Amino acid sequence: MQRFPCPFCGLRDEREFRFAGEAGKTRPDTTQEVSDKEWANYLFFCKNAKGPTCEIWVHTTCQEYFVMERDSATMEVLDTTPMRKDVA
Amino acid sequence: MTGHRIETRGLIDRSKPLSFRFDGKTYHGVQGDTVASALLASGVRIFGRSFKYHRPRGVWGAWFDDPNAVVDIEFGGITYPNCQATTTQLIEGLVVRSVNAWPTAQRDLKGVLDFAHRFLPAGFYYKTFMWPDWHLFEPIIRRMAGIGTLNTDVQDNFEAAILHDHCETLVIGGGLAGLMAARTAAKAGKSVLMIDDHPEFGGSSYRYPNDAADAPSNWVDEQLSAIEDAGGRVLSNTTAIGVYDHQAVSILTDRGVGVAPVVRKLRPENVIVATGAVDRPITFSNNDRPGLMSLDAGAEFLARYGVLVGHQIAILTNRPDAANVAAQLENAGANVDLLDPKSGAAKTIGSQTIKGLQLAGHTHTCDTILASAGLTPMVHLWRHAGGKLDWDEGRQTFVPSTGPDWMRVIGAANGTFERDALEEEARSAALNAPSPKRRIYSIPPLLPDTNNTEGRQWIDFQHDVTLKDVALAHRENMVSVEHLKRYTTLGMAGDQGKTSNVAGLAAMAALKGQKIPEVGTTTFRPPFVPIPLEAYRGAHRDTQVAPLKRLTLEPDHRALGAALGEYGGWLRPAWYGEDDEKSAVTRECQMARSAAAIMDSSALGAIEVIGPDARAFVNFVYYNTMSNLKPGRIRYGFMLTEGGLVFDDGVMACVDDTRFIISCSSSHADAVMAHLEHWRQDSFDPDRVHIHDTTQNWSTVTIAGPMSRAIVEELGVLDTLEDLPHMALKFGAFEGVQARVARVSFTGDTSFEISVPNSSVSKLWQQAIAVGKPHGAGPVGAEALIVLRAEKGYIIVGKDTEGETMPHDLGFGAPRLRKSAAFVGDRSLHTDNANREDRKQLVGLSVDSGEPLLPVGAHIVTGQGPDRRSLGYVTSSHDSVALERPISLALISGGLAAMGEKVEICHMGSSRHATITSSCAFDIEGTRIDA
Amino acid sequence: MSRHYSAFSVFREGLRGHKGWAPLWRSPAPQDAYDVIIIGGGGHGLATAYYLAKNHGVRKVAVIEKGWLGGGNTGRNTTVIRSNYFYPESTQLYDLSVRLYEKLSRDINYNVMFSQRGMMVLTHSEAEMEIASRTVNAMQINGVDAELLDVKDVQKKAPILNYRSDARYPIHGAIYQGRGGTGRHDAVAWGYARAADQHGVDIIQNCEVTGFIIEGGVCKGVETTLGKIRSDRIGVAVAGHSSVLAEMGGYSLPIHSYALQAFVTEAIKPVMDTVAFSPMTGSYFSQSDKGGLVIGGGLDRIPSYAQRGNTPMQETVLSGIIEMAPALAKVKLLRHWAGNVDVSPDSSPLIGPSGTEGIYINCGWGTGGFKAIPGGGYVFAHLLATGQHHDISRPFDPDRFRTGRLLDEAAGSGIAH
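Chains as they are written, first to last, in this note's numbering: chain A, 5 to 92; chain B, 245 to 1175; chain C, 231 to 647.
If we strip away everything but chain A, and leave its shape as in the complex, we get (with noise of 0.2 Å):
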């Protein structure tokens, strides 16, 4: 059983989170023309990369979003940081 530290509420069971998908993807402005590609792109294709990732996960007990960095290989978390702008 791994263990996620929540920004808002620290170090919780896995069973409280849920993978969000991978960070870095923004959702293209759909009142301009959106290719077939583009959107598939952003839908569904990802890195999927083996070692350090960077991925967004909810904290499903406070239903906040956030950014966790952390290992695929070796489950290691590296870093979680708040989505929020006004939280330091």
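None of the hints are false.
Straight-line C-alpha distance at most 27 Å; calculated DSS-like pairs for lysine-lysine:
(1) A:K51 with C:K296
(2) B:K712 with C:K520
(3) C:K450 with A:K54
(4) B:K759 with C:K296
(5) C:K382 with B:K826
(6) C:K249 with B:K712
(7) C:K499 with B:K354
(8) B:K371 with C:K520
(9) B:K632 with C:K296
(10) C:K296 with C:K284
(11) B:K1043 with B:K826
(12) B:K1043 with B:K1146
(13) B:K756 with C:K249
(14) A:K89 with A:K29
(15) B:K974 with B:K1007
(16) C:K382 with C:K499
(17) A:K51 with C:K450
(18) C:K499 with B:K269
(19) B:K632 with B:K759
(20) B:K712 with B:K354
(21) A:K54 with C:K458
(22) B:K591 with C:K249
(23) A:K51 with A:K29
(24) C:K249 with B:K759
(25) B:K371 with C:K499
(26) C:K296 with A:K54
(27) B:K371 with C:K284
(28) C:K520 with B:K354
(29) C:K296 with B:K756
(30) B:K371 with C:K333
(31) B:K756 with B:K712
(32) B:K1043 with B:K793
(33) A:K41 with B:K1063
(34) B:K586 with B:K756
(35) B:K632 with B:K509
(36) B:K759 with B:K586
(37) A:K54 with B:K632
(38) C:K249 with B:K371
(39) B:K1063 with A:K29
These are calculated hints, taken from the structure and not from any lab test. Just so you know, these numbers come straight off a predicted model, no measurement behind them.
Using the hints provided, position chains B and C relative to the given structure of chain A.
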């Protein structure tokens, strides 16, 4: 009689006799015995039969390292298959059966298989049984295989618990090294938990009795007192089963046959592994005969159970401490021959059990052989934690090298076999100081001799893997360590290679002309010892598996005789009254259409979206345009996934420009909530829009039907209903408590949803029933509602939609083409796939007059024979009470453009016909909804 | 030397101490160049090599494996074989596999022990029975054997399951595919490897690909720990690590890697003659010929390249097994482990050109790649030999993520992969 009990020694209580049965005979032991020690003390040698050749099997090891003495145990009407006789504590009344033997282990008729051994080499089954067909042979092979026998009648009555525990320093193994480490850590102020899988702490210390004052048990008691005095805790009968990510350790306390095990999960800051080492068998001819045991087993049976395993004992080992054991055995009354296994080829003499040992041409008469090719440290937990191993040439074994800094391995588990080296090593581990360097230690290598192929030399006792099998694997190029294991099944038995792996690796290394570390090891996987499946269950049992959500009104429904059922994770009334389902649903449908249905709609999700950006937010998460929804008005809409698929449907009310109330499917509230939070935090300023799930705080009573207006007026929640048209919302009060009244309908009739805080709903419900009764209205359950909504073609997401359904497949195409603002899933509605004309679309189906209902799940098909293909399927089907005919909803490829067409319906191989219609079958003009 | 396997050859070798058995495969050094290189010596890679040589006459084929043959998911799965799918496209692919499996032991002269003991997907409510009949009808229309069992039929086939009506998930019936069952997973890898080797395929173990040779945007070979090996056509079948190779090859994939756990108990005498899956608990089990209960369930929840699992899913899966069959509570778990699987957005595989010329991919099999080995190898060999899709693999081309024509079985049928 070979093995027998002596007058002294042992941690047993000779004054407490216990009786039990083994293979139909009654035996006696004493308190403190294991099944194995009691049987050995009674002179039993053959405990069972091996897996493949049905060779007789006796005890090899004295504890978890014994692969041979596997038995089935029956106690209290429950079977415990595949128990290790050496670790099972004896209690009164156990019924013990040997495995893999018929009628008994002593006389097993399948023992004849051993004569055919030359035709049953490793993996013979891969080369045979292909002709005429594997299925002819498989049932026979399955019956021959397997070990224990399970009584399958047993019902569930197990109470195993999973607990969370905490300590700073966990010491695994309470032998000499573990005790020293735990004591030091506790005295240094650490919160310590020390565990040991034996009932008594002390490990191997009992093998070395001194004078009474300095007896091992006194020393052990002293350590335990010191640990407990310093605030430490100890748990006996407790095994560490595995180490998992992020320093998690699971330990299991085995409280004996008939008592449920307890698992504790911990995350200590430091883990000290002092799990000891076990003897490795010597690979020589017929080394599998009962009466040949490990050196430590001979010492342990004497020290812990007062059992002398033989009269005439030959010790065959390269271990330097063998003389010690020999002296103990001689003191207990045995004649002991200490023999050098390096002096020449060895072979046991005897048929069923040991009669002698032939070594370098000399025959030594003996009834028991104690053998060891050296010690194998139990490094499993170190490997679970990611620690590495080095081959230690002097010790002739793998020992821990680099690894996690929070785990230390000490004592024999670390290859520290010298007792006088333990103190310093234990202290350094306890205080997190640098480890002392390993001392020089050297034993003569005693590895399988691949040049000596005489007879059969066992490597894996339980699975009958011999040196010849390793040679065969080598010959066939199955040389990787994993191929060796999987091809020959070496190391896959109950002990998972604890006794056999090193010999197997050494043999393969010799055959390949490589060094042992070049061959490598297989992966060490949890659990450390086999443990019952129930140990993983904990609270995941019965109603705690996916607990049902309960309605505030449940007692009221029960009082009305409701049949309750599970709908979307909620326990809801299915129908009311004493009637059978069909009559009840018919009656409720009639009541709903002629008077009014009074329904509990509290399970529907109620999620509030609040804040200055709330309007922009709901416009973004809904497929439908929500930006122009006026305060006090309600709109129906879809939420989509970013892939454009229908995720949920429902109505949304605008309270004011900064407050909206989303009503979603009852089964979806949690998922919708998560979906909304996702987009709120991804695409909006979370300080300007807030989402709050009020589902569990509010309850809703719905009154729907021609008489609903009159009933609601009498309830007096609103002063007037005049200015509350269909799809509008107003706030009122019920008995002084705030109430919301929404004009939305899931039946097609005039309908009022009255929402109040949970605390007021029972009163509201009872009043509604009382007020409704004179109007002919009454309670209506979920089953009738499902029929009523189907008559109108109102969908249930997940039932009438599938994982490909987009909103335009349901007849809601306008926003896709017209909505200019961005919304979730928008771009996905314009892929090639979204534009296909043969998409499955929601339609109705009608059957000819007098024909029965179409079954749900029936397919609409086209073509014949191999060209037959499905165009879609029936998603809902009901006998409409109002229409007095069956109605169906279906998803059909291109269905919206095929109104009136007759289609073929296929169900379980038979065929019939139906006509495609509009999905709405009742009150098509919609006059009743605002009557 | 005994090369052909039969009861007679085992008997003959038995008389002479089994000294004459030939190696299952050679261990050749890599040549400088091949017609086709397959990266990944698992079931899919080895089957592809075999069909390339046998069906397409491609002469110079190499399979490159970084570890030992069958050491990935081929040797870590729960050995279920079935084709109980909803969409015709999936049915065609997976039933091709089942049909090839039915003849495989004799085709490659190696007993893979395909045991067609039947596969059942339990239903726990009347609503699930309706969805089950939708699936059964679909399978029958697609030409695959399927039956809808009621609870009595289920009890006859699997008396050990929980038939109490007050169970959290009472059994109402099942979707049953009689041709489904289990196989011996290692034997599939070894059998294909031996057969491919006999057709001249070079199987190179302990050889890790460290990069691709890209010239003018076109792939011309691979760099490995044993040196450069050239080829104009490279097939990548490295489930669990597909994205790692994609990064090296300059293409991207819609795949996440997850750990999938599996469990085996100690061997007991036969108590279960079929495979049973409960979608409500997500757990399933069968009993191996050796006697161990082979148990599986859902994915761990954390994207992972670690071939080990965590306790939450262990508890979910094993408690689910006890819900299904309470009599198993006292059976002892012997070992649990995990493999890394490729999870694609629609849980269907990706077969087709990678996006980098010269590299073709076979990946994304999710939790169910083992059952697809013969079919996957068959169509991938066709793609590598001809450069064109086989009709059966066309719908699985990665271009479906641009056209939106996903094949999401879970969504269509309610059956997890």
